[in-house]
Amino acid sequence: MDITHSEHKHHESFISKYLFSRDHKMIAKQFMITGFTMGFIGIIMSVLFRLQLGWPGEKFLINDLLLGSWANGGVIAPDKYLALVTMHGTIMVFFMLTAGLSGTFSNLLIPLQIGARDMASGFINMLSYWIFFVSCIVMLVSLGVEGGAASSGWTIYPPLSALPEAIPGSGLGMTLWLVSMALFITSSLIGSLNYIVTILNLRTKGMTFTRLPLTIWSFLVTAILGVLSFPVLLSAVLLLVFDRSFGTSFYLSDIYIGGQALERFGGSPILFEHLFWFLGHPEVYIVLLPSLGITSEIVSTMSRKPIFGYKFMIGSILAIGGLSFIVWGHHMFVTGMNPFLGAVFTITTLLIAIPSAIKVFNYLTTLWRGNIIFSPAMLFSIGLISTFITGGLTGLILGDATLDINVHDTYFVVGHFHIVMGLSAVFGTFAGVYHWFPKMFGKMMNNTWGQIHFWITIVTAYGVFFPMHFLGLAGVPRRYYTNSSFPMFDDFVNLNEIISIFAIIAFIGQFIFIFNFLYSIFKGRKASQNPWSSNTLEWTTPVEHIHGNWPGEIPEVHRWPYDYNKPGYEEFIPQNVPLKKGEVESV
Amino acid sequence: MLLLSAFAFILILFLITFFYLKGGDFKEMFKGNPDDLNFDEQENKTQGWLFVAFGIGFLLFILFLIFKWGGSLLPEAASVHGADVDSLMLITGIIIIFVFVVTHILLFVLVYKYAFNKNRKPAFFTHNLKLELLWTALPAMVLVVLISVGLYNWNSIMTPLDENDDIVLIELYAKQFDWTARYAGNDGKLGRANVFLIKGSNFLGIDTTDVVAFDDKIVKNEFHLPVNKPVQFVFRAQDVMHSAYMPHFRAQMNCVPGLKTQFNFTPKYTTQEMRRITKNPDFDYILLCNKICGMAHFSMKMKIVVESEEDYNLWLASNQSFKQ
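Just so you know, the protein sequences line up as chains R and P, in that order. Read in order, the letters of the first sequence are residues 37 to 623 in this note's numbering. Read in order, the letters of the second sequence are residues 1043 to 1366 in this note's numbering.
Just so you know, the hints here were simulated from the structure itself, not pulled from any lab data. Small disclaimer: the values here were computed from a predicted structure and weren't measured. The reader is advised that the hints may include incorrect statements.
Said to hold, decoys possible - Here are the computed lysine-lysine pairs in the DSS-like style, where the Cα-Cα straight-line distance is at most 25 Å:
1. 602/R / 1163/P
2. 1231/P / 616/R
3. 617/R / 1163/P
Put together the whole structure using the sequences plus the hints.
Put into structure tokens, the structure is as follows:
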């Protein structure tokens, strides 16, 4: 199928070009805009509940303006605080960091980097986006229904999530949450299938698996994780719908609530936890792996040096992906699960430290004797290496059942996962946006503002999440509306204020990014074809987007993507350049 | 608000610095670089410096946190097994801090040292099996130690006590939003209970026909434990999941409707002794709820008093049994 430049110039209506586009590059932008919008809403929520945590019970005008009846008199109601926490988690984990990250960069980069005209099925790709869009709408609508949005934590453990008598948010809000998630899972599932099929079948000539950029490896493993784990969440969600609406007892047994004993026997909430975390843990890597892939690519390009240990990097991605399926029980050490299982999950969980360590040391070795150019993308990648180390290390404590007993469900956990998965994934996302912005919009983003954005973000992000380890080691539980019921936590009033202040500045700092992003789309400097002198195939396509990506033949691939400063050859050698006479392939 | 203005001030200073670095030209701040890869060398140096400054600032911030709040962390474990938990925590903590510091110093120094210089030729260093095996094997060896010690402790902590031994058997009952403790009484056994028997004052749903239940003792607000005697806890929940968290004893277990869970520990210090250790005359052991359970989750608590066995027996005798 050869699409020449002239054929492309047929008339496209606004609807077919911007709304129901089947072009992967446009769908990537749609995922990005939608995901980031959701992320922005998620951040606002976190600022609102951080106000409550920093200054408990104080009135804030912004609560009146944004929350209305959720915050009568300017103070968030206790159950609405839980609704905010729940929706912040849901939106950030699923909508921003799963769809916003994977949706954007898998869509943009898979066809471009493997040398394909488009996704295997453009139609399914479009469908995947629009189902995701509907699920976003349903989730946002749930914020406005009677009783409020779902309020049982993003993990929605029953019976709290199953019984409206237990908390108002478990009424219509929870129903909409479940509907939205069912849609989301459908979207993610067909999207992931598309990614896998595309990577397996549509690689250009010469693009063997050991010549794939690490981004594609990470997207492939991410998609496989999604396909294998999301259906389990769907089944958990459906069973919960049955329990809530049709009187079954999959998760319910021996419950007395609202003045009466329920006629439900034999179910177990632990079953839900197993099903949930069977997705929930791979989900952590669904969020993290694309960021690691993006970082690998950027660290190599911007150090002007091949990524160190390419094959070990692939191996560690595969190892992390494989292990992620047999570690879910570490979320359940103190749930009453058989202690023997706790022992098994301790072993498998701590094993993840090995591939993670390989990745970190390989990054460091890549930087060693490089020639580092601090583009904003590179800054965020270095930031990611830092957060990945910091957050990963505290996993040694949480993954060890003995130590988990005392820090389980405390702020230690909040600090840990926000740093290792939240910040790392967000940094990876920012790095990706700064790096591939020229590919997406044909314009350059402003470097100086990008650098300012990075420094504000990393300082405030650590300022928010690092002190949380101290709160956790003092035994402060998460999801508390206020700590004022416990005098033993009084020492931390000031620390909570500091955390909240950092959170507010972090939020304000993001406007620099938003401004830079929008300004550059319209007024940015025009990008050249290969602004970063990069080796991967996406930079061989024309700056102006065309259907089918390459005007003529698809380029053939002759080498791996990391030939930077190969002794005796050019500074960088794109993948489509044939081996010179007597040249040996680098890997 | 004072803090907020201080931070805002620093932020503005920061922006002004950037403004001056760009020659004081506001328009210049919006321009991209003319040649994408050929970044200004000075600008690259600045970024390298900033990473070093950030590293130092990060370290100072951590020291500030330790200095200011290190003393407010949980005191020494008040249970026998808690000492093992704490020592494993110490080993793990030392390893973590060591790796954290070393890798971060490496990261920031590398980034600073190899900031762009047009005369440098980067090394073409694609792989090195020995190095990579080294940093596969090193963490593996550390993990063997951590896993072995961890599992040994985990198994001994989680083994339930023998009911026939001289132990205290207590049921902790969680409901929205309070705790109840039920002591097994003289027979050392807890009477049967069922949600369908919950009625009026019998909110635990205890079977009134069960002889074993007659001497059970039900207490609210606070419960007492004898020092140096093993305590077996059994947990039940009435409505949704809760979690019984007793941080000073390094003890936590979820309370799950439809499932009886358990945990045991031996208190090591009485409340009085702990007040001396922590130098806090108002110190009290506490039981909190640590699993999101609804609106008033944040206020669900019960006081724990650890005292000598004689005091404990006196206190227990002063409470009415279920039959009474």
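Here is how each hint holds up against the structure:
Annotation: proposed proximity of residue 602/R to residue 1163/P holds, straight-line Cα distance about 10 Å (limit 25 Å). The straight-line distance between the Cα atoms of residue 1231/P and residue 616/R is roughly 84 Å, outside the 25 Å bound, and the hint therefore fails. Note on residue 617/R and residue 1163/P: the hinted pairing holds, with a Cα-Cα distance of about 23 Å set against a maximum of 25 Å.
When each numbered hint is compared with the structure, a violation occurs for hint 2 only.
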